[in-house]
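Novice: Using the hints provided, position chain B relative to the given structure of chain A.
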Amino acid sequence: MKNHKDSDDLVTLVELLDADKRYSLTQLCDICHVSQTVVFKYMEYDVIDPGSGDELMFRQAHVDRLLKGIRLQRDLELNHAGVALALDLLDTIKQLKKEVGMLRVNSGVKD
Amino acid sequence: MEFVDYYKVLGVESSATADDVKRAYRKLARKFHPDVSQEEDSEASFKKVNEAYQVLKDTNRRAEYDQLRQYGGARKQGFQPPPGWQSQAGFSSADHDFSDQQEFSEFFEQIFGHRVRQPSSHFAERQVHSRGQDMHSDLSLSLRDAYAGKPVTLKIVKPVVHADGSIRNEHNTLQVKVPSGVVDNQKIRLRGQGGPAVGSGDAGDLYVHIRIQDDDYFHLDGKDISVNLPITPWEAALGASVKVNTLEGAVSVTIPQNAHAGQKLRLKGRGMPTTPPGDQYVVLTIVVPEAITEEQKAHYRTMSTLWAVDPRQASGDA
Numbered sequence: 001m002k003n004h005k006d007s008d009d010l011v012t013l014v015e016l017l018d019a020d021k022r023y024s025l026t027q028l029c030d031i032c033h034v035s036q037t038v039v040f041k042y043m044e045y046d047v048i049d050p051g052s053g054d055e056l057m058f059r060q061a062h063v064d065r066l067l068k069g070i071r072l073q074r075d076l077e078l079n080h081a082g083v084a085l086a087l088d089l090l091d092t093i094k095q096l097k098k099e100v101g102m103l104r105v106n107s108g109v110k111d
Numbered sequence: 001m002e003f004v005d006y007y008k009v010l011g012v013e014s015s016a017t018a019d020d021v022k023r024a025y026r027k028l029a030r031k032f033h034p035d036v037s038q039e040e041d042s043e044a045s046f047k048k049v050n051e052a053y054q055v056l057k058d059t060n061r062r063a064e065y066d067q068l069r070q071y072g073g074a075r076k077q078g079f080q081p082p083p084g085w086q087s088q089a090g091f092s093s094a095d096h097d098f099s100d101q102q103e104f105s106e107f108f109e110q111i112f113g114h115r116v117r118q119p120s121s122h123f124a125e126r127q128v129h130s131r132g133q134d135m136h137s138d139l140s141l142s143l144r145d146a147y148a149g150k151p152v153t154l155k156i157v158k159p160v161v162h163a164d165g166s167i168r169n170e171h172n173t174l175q176v177k178v179p180s181g182v183v184d185n186q187k188i189r190l191r192g193q194g195g196p197a198v199g200s201g202d203a204g205d206l207y208v209h210i211r212i213q214d215d216d217y218f219h220l221d222g223k224d225i226s227v228n229l230p231i232t233p234w235e236a237a238l239g240a241s242v243k244v245n246t247l248e249g250a251v252s253v254t255i256p257q258n259a260h261a262g263q264k265l266r267l268k269g270r271g272m273p274t275t276p277p278g279d280q281y282v283v284l285t286i287v288v289p290e291a292i293t294e295e296q297k298a299h300y301r302t303m304s305t306l307w308a309v310d311p312r313q314a315s316g317d318a
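Chains as they are written, first to last, in the working numbering: chain A, 1 to 111; chain B, 1 to 318.
The shape of chain A in the complex, shown without the other chains (with noise of 0.2 Å):
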């Protein structure tokens, strides 16, 4: 095992996570350290969505949602449907408070 305590080398394997990145199911399921059959398992419940194609592409926000779906299925012992309804309502508190925040501006309304 390599063991990097000692390790000045330049890492050059970096990779820009943007929101135009795409990544095969392969490559997903070795980023989120999950099987296929989890990825196809939270496909069903909806929680990620990658559209239909010839070939399944994810983007950066299906990994990101994917992972906080493992987190939530892990440390709140959730089950896919109540992962896919706790990211749904984390969603809409996130867009209400998005359009709180813009009618507080433009009535003059202070937090």
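Incorrect hints may have been included.
When the alpha-carbon atoms are kept at most 25 Å apart in a straight line, the in silico PhoX-like pairs for lysine-lysine are as follows [claimed, not checked]:
#1 A/Lys98 to B/Lys223
#2 A/Lys94 to B/Lys150
#3 B/Lys31 to A/Lys94
#4 B/Lys187 to A/Lys21
#5 A/Lys98 to B/Lys177
#6 B/Lys187 to A/Lys98
#7 B/Lys177 to A/Lys94
#8 B/Lys22 to A/Lys94
#9 A/Lys97 to A/Lys68
#10 B/Lys150 to A/Lys97
#11 B/Lys187 to A/Lys68
#12 A/Lys68 to B/Lys150
#13 B/Lys27 to A/Lys68
#14 A/Lys68 to B/Lys31
#15 B/Lys187 to A/Lys94
#16 A/Lys21 to B/Lys223
#17 B/Lys31 to A/Lys21
#18 A/Lys21 to B/Lys57
#19 A/Lys68 to B/Lys22
#20 B/Lys47 to A/Lys68
#21 A/Lys98 to B/Lys31
Think of the hints as simulated: they come from the structure by calculation, not from any bench.
Specialist: Below, chain B without anything else, positioned relative to chain A:
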């Protein structure tokens, strides 16, 4: 090192049953989970709760912890495990509960973190090969370094497997060449720089959250950059060609005639080198020279007769 009372963290009595412990954890996990929580500092709180649960939910670990709690719990400060202490319950990265977890406290490490990987354990028979854990870190970069993609030193603490099989957290430095054109709040992934693998698995990855510091001169907004450009009233009125600094060096900028303060000029493609690149905005500020000599004052007086303007006309309270 301070003794951490895991029972207190979970808000249960030391006589609590396994079910009580589980119930307390579930309640606190829902409250503090960083993905759902609205609480301040939820991440740190969740780590404490999680750590306490990892110890108290396991009968063997809990028994060892109880022993130490009797030994050292009374002295809140300067806690050290008894000499020669070695956990039998311990943890290793082969332990599934721990493989995905984030780092634990120094206290936890002292008690459970020095376990030697026993080849005789049941994991060995099952030939466990699992990937090392992913790790997360923050990196603060100067705007100029981010633009240039200059190699920077990243300091991290990560678990290292030693020759005797024990796992300990160690300080580690990495030279990282952040791709030029990284923007604020972006994440990068360093493959294989996370936690060590178990068996013949791969090492985990290191995710780095990039924060770009504001610069005295260049201000970053997404992938665009803005700078203030002070000009004189006559440059504003007559137009001029002036030098403006960009991150790539100085360029000539034409100030249009009758330019006004706050006017923005766009230098296309002179922002952060993303694909496509951002722009640089030059915001004009007009600097009014002081009238000190009699001749200068005379010029201002002449101007006041030449322009019969009232700049306060539209301000409503003149």
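Novice: If a hint holds in the structure, say so; if it does not, say that too.
Specialist: Verification of the supplied hints:
1. Only pairs whose Cα atoms come within 25 Å are accepted, and A/Lys98 paired with B/Lys223 is accepted, the gap being roughly 22 Å.
2. Restraint check for A/Lys94 and B/Lys150: the C-alpha separation of about 36 Å exceeds 25 Å, so the hint is violated.
3. Proximity of B/Lys31 to A/Lys94 is assessed by CA-CA distance (about 17 Å); at most 25 Å being required, the pair is judged to hold.
4. For the given pair, B/Lys187 sits about 12 Å from A/Lys21 by alpha-carbon distance, which is consistent with the 25 Å threshold.
5. In summary, the hint linking A/Lys98 to B/Lys177 is not supported, as the alpha carbons are separated by about 35 Å, beyond the 25 Å threshold.
6. Using a Cα cut-off of 25 Å, the hinted pair B/Lys187 and A/Lys98 holds, with the two alpha carbons roughly 23 Å apart.
7. For a cut-off of 25 Å, the pair hint linking B/Lys177 to A/Lys94 is broken: about 34 Å separates their Cα positions.
8. A C-alpha spacing of about 30 Å is found between B/Lys22 and A/Lys94, which places the hinted pair above 25 Å, so the restraint is violated.
9. Only pairs whose Cα atoms come within 25 Å are accepted, and A/Lys97 paired with A/Lys68 is accepted, the gap being roughly 20 Å.
10. Proposed proximity of B/Lys150 and A/Lys97 is contradicted: the alpha carbons are some 38 Å apart, above 25 Å.
11. With a C-alpha separation of about 15 Å, the suggested pairing of B/Lys187 with A/Lys68 holds against the 25 Å cut-off.
12. Taking the CA atoms of A/Lys68 and B/Lys150, the gap is about 32 Å. The hint is violated against a cut of 25 Å.
13. Under the criterion of a C-alpha separation no larger than 25 Å, the hint pairing B/Lys27 with A/Lys68 is consistent with the structure, at around 19 Å.
14. Proposed proximity of A/Lys68 and B/Lys31 is supported: the alpha carbons are some 16 Å apart, at most 25 Å.
15. With a C-alpha separation of about 21 Å, the suggested pairing of B/Lys187 with A/Lys94 holds against the 25 Å cut-off.
16. In summary, the hint linking A/Lys21 to B/Lys223 is supported, as the alpha carbons are separated by about 17 Å, within the 25 Å threshold.
17. Only pairs whose Cα atoms come within 25 Å are accepted, and B/Lys31 paired with A/Lys21 is rejected, the gap being roughly 33 Å.
18. Under the criterion of a C-alpha separation no larger than 25 Å, the hint pairing A/Lys21 with B/Lys57 is inconsistent with the structure, at around 40 Å.
19. Among the hinted pairs, A/Lys68 with B/Lys22 is consistent with the structure: their alpha-carbon atoms are about 22 Å apart, no more than 25 Å.
20. Restraint check for B/Lys47 and A/Lys68: satisfied, since their Cα atoms lie roughly 16 Å apart, inside the 25 Å limit.
21. Taking the CA atoms of A/Lys98 and B/Lys31, the gap is near 22 Å; set against the 25 Å cutoff, the hint holds.
Consistency note: the structure conflicts with the earlier hints numbered 2, 5, 7, 8, 10, 12, 17 and 18.
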